[in-house]
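S.K.: One-letter residues, chain by chain:
2 protein chains.
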Amino acid sequence: MNVENFYSENIKNALKNDPPGEWMPNIPGNCIRLSSGFPAPDLVPVDELKEAVVQLLKQEKDLPLHYLGTPKMDKLKEQIQARLSDRGMRVADKALLVTAGACQAIDLIARVFVDEQTVVAVEAPTYMEALEVFQNYTSQFISIPIDEQGLQTKELERVLAERKEQGLPLPKIVYTIPTFQNPTGTTMTAERRKHILELASQYDFLILEDDAYGELYFDKPPVTLKAMDHENRVLHVGSLSKVVAPGLRIGWVAATEEIITSLYWFKKDLDHPFAQAIMATYLGNNNFDNRLNTLRISYQERFEALLAALKKYMPKSVTWYVPEGGYFVWIKVAGVDTSRLLQQAQDQGVSFLPGKYFFLNEQDGKEWLRLSFSYSDKKEITKGIERLGEVINK
Amino acid sequence: MNVENFYSENIKNALKNDPPGEWMPNIPGNCIRLSSGFPAPDLVPVDELKEAVVQLLKQEKDLPLHYLGTPKMDKLKEQIQARLSDRGMRVADKALLVTAGACQAIDLIARVFVDEQTVVAVEAPTYMEALEVFQNYTSQFISIPIDEQGLQTKELERVLAERKEQGLPLPKIVYTIPTFQNPTGTTMTAERRKHILELASQYDFLILEDDAYGELYFDKPPVTLKAMDHENRVLHVGSLSKVVAPGLRIGWVAATEEIITSLYWFKKDLDHPFAQAIMATYLGNNNFDNRLNTLRISYQERFEALLAALKKYMPKSVTWYVPEGGYFVWIKVAGVDTSRLLQQAQDQGVSFLPGKYFFLNEQDGKEWLRLSFSYSDKKEITKGIERLGEVINK
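Residue numbers (full-length UniProt numbering), protein chains in the order written: chain X, 1 to 394; chain L, 1 to 394.
No lab work stands behind these hints, which were simulated from the structure alone. Heads up, some of the hints might be wrong.
Chain copies aren't distinguished; within one or between two, either way the pair holds.
[Claimed, not checked] Cross-link-like lysine-lysine pairs, in silico, DSBU-like; alpha carbons within 35 angstroms at most: (1) Lys58 to Lys394; (2) Lys58 to Lys75; (3) Lys75 to Lys379; (4) Lys379 to Lys58; (5) Lys77 to Lys311; (6) Lys61 to Lys77; (7) Lys50 to Lys77; (8) Lys220 to Lys50; (9) Lys366 to Lys311; (10) Lys58 to Lys378; (11) Lys94 to Lys332; (12) Lys12 to Lys164; (13) Lys50 to Lys75; (14) Lys61 to Lys50; (15) Lys164 to Lys379; (16) Lys61 to Lys378.
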């Protein structure tokens, strides 16, 4: 029996658009992991989450362990709504869907809005997991470059005008991480945000705003696209992975009631009552604004250590974008293929992510690499950059 | 902006195949819930799970709270493999995928194998959530009736032969719950199991074996289709929802390495590290065979109470299938529309699920209803059946 004879068009297209290939390298255990986009171990609220579980099960016993869960799940929605509201996003109960992390949110959006006929516009570079999701649905992409001010909306406008003139299909959805972008760390300026919303209206597309890092600013909070949107074109995806813990898999989509109803149609894993109830209990027990302040200060200090080390140990051929928050710094090593550099770096005990993983056209990322300042502490970061400098200077 | 203009073919088909309609009624709080297919509150291992969380976070700290989780996730796979092996299913590491419950497993299988061109054969009646999943992918179904010996494989054979003769498309996949079926509680005989595997080979289809209840037998364990399968045609879906707790959302698919790789292509929620690590810790701490014995005894006692009450309180017009395990008894109330009966029953303080929810053609379920003996205790069950008898006798 040949199982491929049984494959649906879904999997045939997915395998065609994104054939299984080389995956990211394993990182040796002794490496300083400047590759990892994870929260720092000491910033994961282990004790508070343990406390939340004990309290939850004492109070509600078996309730959060059943399919339907507990009123705590509604509580979690309220807590998310309150946070969104603080940031200028008034989202009705039925316009919010809690998901298993931002990844499930992006996948659900792709299922509802993307098929083989759909053109999706993405940033170049962009978050590779999202790219993989979209490639399960379409092979038609437009890549719009990022610079220090985020997505180049003028270039987007040029491409849109050109495609319109040539009668080519226009993108139905633009995927962007406007704030502390992954991997570049850049933030879209207010002007460009205004511009992309104007373009969405003019060229009739939706915007998937991935806001995983939005609350981790160093100085001031950027205004989200969703908060500026008067036409309901923005689907705002958020997550507690970066500010609490990824392993609980709590994310969401905030859109319109109609869109949320459609997304729900494909959300067939049911809910995650226990994880959601733990999170609601944790959030109820702790002052989340205080926590965010702690995270901001800690990540900024780590970033400052990284920046100081870059200035100290990197040769002139190395340049970078300076982020105003988030987890990442995007580094250009002029004239060097960073995916070749990786093995030497790991031999020296430091890891990074080669730029090629973040582009549809891998060649575009050849000279770039992503450093994360979220996972390692200041001392490790400094040591890691010293090691990386040695490798590059060789 | 009209958001429907942006819809993909995916959602258009899904909404066409299964338009949003009446959903199951809310159950008043004071009802004896013979409708609920949940484990009994006192059989959910709340303390042991709390213990597992505390131990896990003490030992591993932040590790299970990150994306990649801990070696405990591999441990969980080993634990599942060991249980499958005890039941005659040798499943290699790469031929097993842990999912967010059986529902996600069924959805992933549908994505890989079902599209608008695919015919899916289902049991009549069948698990309604699975039906809804399949309806997101196709509108072509064949319904094969169930009797006390499970799926009527001779009828399946007749339909297959007829379709072949008429040049109609044959089913690519047959979805069955061979053991303690939901909703009928019936178990496919060994003879019919052999027969369906022969048919799969002869007519070249895959079998999705949903085994959510398989370990909850009263007397002796039935042999799974997967254990009898020599052609790798069976995709075996299991779950810990019925034997530990649904709220943790731990299920799996056991198939071939090739199929698992394909399923993984669509599993974009990443893993659920925390839930999986809690489950692995729990399973490592407790003697699971002892637990299963406790569950079997307790559910059998509840069933005996239900059976005794049925015999005592039901008029002659009411008949039922006698299950040998699982959660459910399937009841026929001759000449009565059970969906009309429900309101009166709930007014009397007892709930059930009307048969119509389990059929593609709702009319077929008119005289049937599902009772669950899993959730309520013996006293409640007896009281509930007494109340139901009063309503039917009116």
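S.K.: With reference to the structure, classify each hint as holding or not holding.
M.R.: Hint check results:
1. Lys58 to Lys394: Classified as neither: same-chain Cα gap 59 angstroms, cross-chain 43 angstroms, threshold 35 angstroms.
2. Lys58 to Lys75: both (18 angstroms within a copy, 28 angstroms between copies)
3. Lys75 to Lys379: Classified as between; 34 angstroms across copies, 40 angstroms inside a copy.
4. Lys379 to Lys58: Close across copies (26 angstroms), not inside one copy (41 angstroms); limit 35 angstroms.
5. Lys77 to Lys311: Answer is neither; intra-copy 44 angstroms and inter-copy 46 angstroms both fail.
6. Lys61 to Lys77: both (21 angstroms within a copy, 27 angstroms between copies)
7. Lys50 to Lys77: Answer is both; intra-copy 21 angstroms and inter-copy 24 angstroms each pass.
8. Lys220 to Lys50: within (32 angstroms within a copy, 40 angstroms between copies)
9. Lys366 to Lys311: within (22 angstroms within a copy, 76 angstroms between copies)
10. Lys58 to Lys378: Between copies, since 25 angstroms is at most 35 angstroms while 39 angstroms is not.
11. Lys94 to Lys332: Intra 44 angstroms, inter 38 angstroms, cutoff 35 angstroms: neither.
12. Lys12 to Lys164: Intra 30 angstroms, inter 26 angstroms, cutoff 35 angstroms: intra and inter.
13. Lys50 to Lys75: Both, since 19 angstroms and 21 angstroms are each at most 35 angstroms.
14. Lys61 to Lys50: For Lys61 and Lys50, both the intra-copy (15 angstroms) and inter-copy (10 angstroms) Cα distances are at most 35 angstroms.
15. Lys164 to Lys379: Answer is neither: 52 angstroms inside a copy and 71 angstroms across each miss the 35 angstroms cutoff.
16. Lys61 to Lys378: Only across copies: Lys61 and Lys378 sit 21 angstroms apart there, 42 angstroms inside one copy, limit 35 angstroms.
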